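4 protein chains.
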Amino acid sequence: MGITIASAVEDAYQQLGGEKKLAFFNLLFEEFSFDSERVRMAIEEFQSSPKLGTSHRLHKATETARIELFRRINIAPKGTETLVRMRADLLLLLKENPHLNEVDADIRYLMDSWFNRGFLKLVEIDWHTPAHILEKLMNYEAVHSMNGWEDLRRRLAADRRCYAFFHPTMQDEPIIFVQVALCRGLADSVQELLNMPEQKELDTQANTAIFYSISDCQRGLKGISLGNFLIKQVVMELRGELPNITQFATLSPIPGFSSWIRKEIESGNITGAKGQLGKSFLAKNELNDSVVSDQDEVDILKLCAEYLYLAKKDEEPKDPVARFHLRNGASIKRLNWAGDTSSKGERQSFGIMVNYHYDLSRVEERHEAFVNGKEISIDTEFSRQLM
Amino acid sequence: MGITIASAVEDAYQQLGGEKKLAFFNLLFEEFSFDSERVRMAIEEFQSSPKLGTSHRLHKATETARIELFRRINIAPKGTETLVRMRADLLLLLKENPHLNEVDADIRYLMDSWFNRGFLKLVEIDWHTPAHILEKLMNYEAVHSMNGWEDLRRRLAADRRCYAFFHPTMQDEPIIFVQVALCRGLADSVQELLNMPEQKELDTQANTAIFYSISDCQRGLKGISLGNFLIKQVVMELRGELPNITQFATLSPIPGFSSWIRKEIESGNITGAKGQLGKSFLAKNELNDSVVSDQDEVDILKLCAEYLYLAKKDEEPKDPVARFHLRNGASIKRLNWAGDTSSKGERQSFGIMVNYHYDLSRVEERHEAFVNGKEISIDTEFSRQLM
Amino acid sequence: MGITIASAVEDAYQQLGGEKKLAFFNLLFEEFSFDSERVRMAIEEFQSSPKLGTSHRLHKATETARIELFRRINIAPKGTETLVRMRADLLLLLKENPHLNEVDADIRYLMDSWFNRGFLKLVEIDWHTPAHILEKLMNYEAVHSMNGWEDLRRRLAADRRCYAFFHPTMQDEPIIFVQVALCRGLADSVQELLNMPEQKELDTQANTAIFYSISDCQRGLKGISLGNFLIKQVVMELRGELPNITQFATLSPIPGFSSWIRKEIESGNITGAKGQLGKSFLAKNELNDSVVSDQDEVDILKLCAEYLYLAKKDEEPKDPVARFHLRNGASIKRLNWAGDTSSKGERQSFGIMVNYHYDLSRVEERHEAFVNGKEISIDTEFSRQLM
Amino acid sequence: MGITIASAVEDAYQQLGGEKKLAFFNLLFEEFSFDSERVRMAIEEFQSSPKLGTSHRLHKATETARIELFRRINIAPKGTETLVRMRADLLLLLKENPHLNEVDADIRYLMDSWFNRGFLKLVEIDWHTPAHILEKLMNYEAVHSMNGWEDLRRRLAADRRCYAFFHPTMQDEPIIFVQVALCRGLADSVQELLNMPEQKELDTQANTAIFYSISDCQRGLKGISLGNFLIKQVVMELRGELPNITQFATLSPIPGFSSWIRKEIESGNITGAKGQLGKSFLAKNELNDSVVSDQDEVDILKLCAEYLYLAKKDEEPKDPVARFHLRNGASIKRLNWAGDTSSKGERQSFGIMVNYHYDLSRVEERHEAFVNGKEISIDTEFSRQLM
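Residue numbers (our numbering), protein chains in the order written: chain H, 10 to 396; chain P, 10 to 396; chain W, 10 to 396; chain D, 10 to 396.
Only chain H is shown next, with the shape it has when bound in the complex (with noise of 0.2 Å):
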């Protein structure tokens, strides 16, 4: 299938309904997959000389001929962009067509390929930054949305960075960004944060990057994981840059907590005076009744604590953003009692957020300690939030 081809099928792809697409992954499941006879073949061969050349012969065998297909389609004008947006639809399928996880993992194979760190661009946003791209930025916004052009004004202010990965054949679409807030000491609060006035010049006693947001940007390419890339280049890059920040931390969400409480009540595993908190702090959410008396603060700190530290899936924490920092090397250093006031963060974690550590001097043993022993590092703060 030459270029002209390619073009032809991404032409094509671009104008199906959503009832055409489902039928076009079908078509890739059914009649583009591996050749089962090939394959025999090919394993019969690897068994009677399980070296030199059989086992590439067998690995190719089971490539589908959907790889092929993508790798045409990747060649055409906008290529990479129609194959991120195919993937995009493919997964809103998957759930209610599972066996399109087959195609699924092909184009994600592909995905890892292309997509790998090496060809990435580190890019700072700020104002000067054309209008489309920042456009794209308020759009893509996960975590703390933006209330227009003002709002992301000032977040692109002297006291803020914001940087975003670009890949060579899409210059006009984000990958992934991470906004950062430069202060005097750790941050405790995202409202503070955001809400702080516009300042001209860098405070020229700040000494803390707080990653307050980081968001990925393209649907169509979930689970490949960029993240932990961004946020190293971007430390790099703010010490090379500024040298007197010599702490970076995040202030992150802790977005399992309150669920994980729920399921915990209703199963039976926490009961009694937790229970009993538990349920108080559920019922507030649901009342909007934001009072609280400090003893219930202290408990609920040292709940949050615990399910950070303790609840776990697969031997690694239940929540999300715990297990993608603790991965990263990062330690967790301390819980920020009404860090999230939104009603998003008091449905999610009571308002609690967390800020995790990124100690330069220790990140690449953390990580090794994680990874391999499932250790979690932990600072002195937060060892105290846990007693």
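Just so you know, not all the hints are guaranteed correct.
Which copy is meant is left open, so a pair is good if it fits within one copy or across any two.
[Stated by the list, open to error] Mimicking BS3-like on lysine-lysine, the simulated pairs with C-alpha atoms at most 30 Å apart in a straight line are:
1. LYS231 / LYS87
2. LYS69 / LYS383
3. LYS321 / LYS69
4. LYS69 / LYS241
If you're looking for bench data, these hints aren't it; they were derived computationally from the structure. Remember, predicted model here, so these are calculated numbers, not experimental data.
With chain H held as given, fit chains P, W and D onto it using these hints.
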């Protein structure tokens, strides 16, 4: 393995001397292969249920550990360049270490993915191009070598064009480039083309683009075929920029002609008058004698036409340049006596050159006919030379 | 005075409060003037030999010391911007300090030289333009103000164009910009233009470019006329890019019409039926009453045509916008009833707008006729409205 | 005169042959001068009221019509370049046509305004610079000529720097450029500098920047002095980029030394032992004899020191290079025996070269002392050579 370690491997490799490199590749061969036990289990699983994921797992299991290692190296700064250089080193070792073909297959597999045409950028090269790029092109020119900057400048004048593909991770390294002369009608002599005095403006009656040189730049990308895409995109560019240019053709060497004659005579396949003719031309080459009778000229051209049209290897033309252009969808247009009178030209093909014709309206169809039916398209002029 | 001192002056000026600025300009007036004695001597010398160098020396002698000071300031980083801001401040002081006109004449003399068209760069503005530039354009739009980013984006859509001049020393500051709508035939209502829904693609039948807004951006460059060059170069650009666009015209305000009527009535120059008509329209404006009979519409249009064509100041049209376009070589094409129904439009000209026509084949000739013979070119439609 | 006519003048001028150019400039002299009657009236007006506007009008009246013509030409595309070329032609005619100095004064007056430092852009030149710019630099190098591309590349290696000023209207034409060598301590021989083998990396112990060549590129900008600004800005750049570089000096020719000696001997100002010494060195030059006794070396260096320090023209040093650097605020650091052993170096100054020292903490003060008090700053080493 993190990016830090990848950088370390990269640095270490750069320091290795010749012998150590062989050791390094042997290590890759022995210790970074696939896991036989894992493959065995994946085969079993596949055989018991040859669908839904099991083929994927088999595919994954037959992927070597080297592949993951190369992916990690690619992430480090300058990683792609390092891998290209690594493969250039590896290729030199293959002849004496055929087992390393396994390692090469893996690295090449990744390069096929990373250097796909969708990621390459076409750049027009002219006298405004940065000097370090021009210097590299001079060194990489493989077909008609350049004698310094004056020669280069002539090849970038108003009646010439030059285009190169670049990869986003190797901004200072051209991948492949092509040189084009714009003239009235087909060119029949490369010396005439190269020695024509520099023109300040393009002849308004120029109607033909002659592709007279196409050179791969990176030994480490051997076998990653991009010339096809380069020629086609350059044709598009020229059509857009210069509507008067309506004919696209090459002026190409015939690298295998004289050695083919020698072998055919030696093996008794060419005898009689033809054999005498061949011998006399081979002798002329040795004596550096260039007097040729008109009849001999006609006869040797006919023999050359037979070589291009009839001499085959695996059903395709024996001549590698013919194979390349015919597969791209070109036709054989015309043989040119005294087309390349350099010693290289005389040695390869007694000075004969050939024009391949890219007729845009038929290129796809001819490509299909060649690939599927092994059909060679020829034009009237060539068919007369063949008779 | 070296560059260091120039920088110091620049910094010092930036710090000055309002009153101090007046003192600064007074100092320039008093202490940085010309040297009377030197002028006297140069006059003597010139009078004794009115050629060869003496006129130059007289020219030099009558140059003020301010001019040299401004030149030095211009050399400092951001010097040009400082001078532009300085003159913006100065202009505000002229009315109450007419002697400072001398200072202004000097600074303006230099700006005429520095902001000559040869040094300006035309830049197309679109949604890919950096946000900080777009933000400035929104603020500088003087004719039809913009309501935020959505409004701006609409003015940069596929059926619109926007171009600005930039000066090499002020890369973040547009000097002047023009907004263009591409449509079928002449536009007759600016509200229609502005409220037309955003189009994704340019109407292939669009044949007319309407210049509907042209705004100077720098108060400090008042009187440095660049609009003429901007319009002409934009016409060239559009002709090159869009061969289907063959008609170039404006949709312009008539800022002086209603105040001219008021004065003419007050001074007894307009009486009788015309006077009644004028009074009734002036009253309508006050009452915010827009019901107009067909006959009244015809009559007020005729009066407006007389204003544009006959009302003069120093032999040229009284209306400043008319003067600008006619001097550029345009003709008056047509008056449009209810062309601008905004309160500003009603107040200035009872909502009437006018199209000036740039007929490229006649623009030079009309320009000469206007400048030398004070001739006003009009098209057939307007001549009917005038009768 | 509109831009169309300006373009026409420009085109016409380009076509003119040598003699026609003289006629063109004579026309400018005769027909585009000032209006005597208008000047006479402006003088009268000024004399009756020597303030408020009348000086401006006198200033304006003494401006020639040529100036307006040049301004118009400047507006046309490539206008600035045309004027620069025009003046280059004009300068060649001045000697035989001294009346054309009047025309030159006008064109130079404008160039002083247009080529002021505020409009120029500093560009670092290296091996990544476009080839057509590098080719021009090779041609423009006036001090130590380059032998082709290899020589150029050596001057752009890791231990060298090169910077040029560009004007926004002449993007392909450097205005002036300077070449710098980074080394340990003061350089004392230009041949050593130029022949030193190419270095891949900058010596980490390099502490001195030697400005060894500064060349004006545009004959048509003769007398527009930019070297001063170029040296100072390059010093700033180097200090920012390379904090280890703490000493800034030149290695400069002494172009007037030997011809000064000849004249002084001829006119009887140098006699006795000094006269003998001078004669012997002048004779050596003729005989191409370079054997010099140690005492003669010391003595001729002393005489050279006297030349630089004591020989004056209009109160400033006779030597043009000395005048240039001393006015910039440099001091005389040291004479170097056998600093330039090329035939040009021997001829000009018996091979002696001099280092001028730019001591940043004293440059302003020394500049003032030189300009106002004609004081020449010297360093200890030079003062010893002078004694």
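Okay, the hints, checked on the actual structure:
1. LYS231 / LYS87: Both: 19 Å inside a copy, 27 Å across copies.
2. LYS69 / LYS383: Between copies, since 25 Å is at most 30 Å while 35 Å is not.
3. LYS321 / LYS69: between (38 Å within a copy, 28 Å between copies)
4. LYS69 / LYS241: Only across copies: LYS69 and LYS241 sit 29 Å apart there, 36 Å inside one copy, limit 30 Å.
Against the hints set out earlier in the document, no violation occurs for any number.
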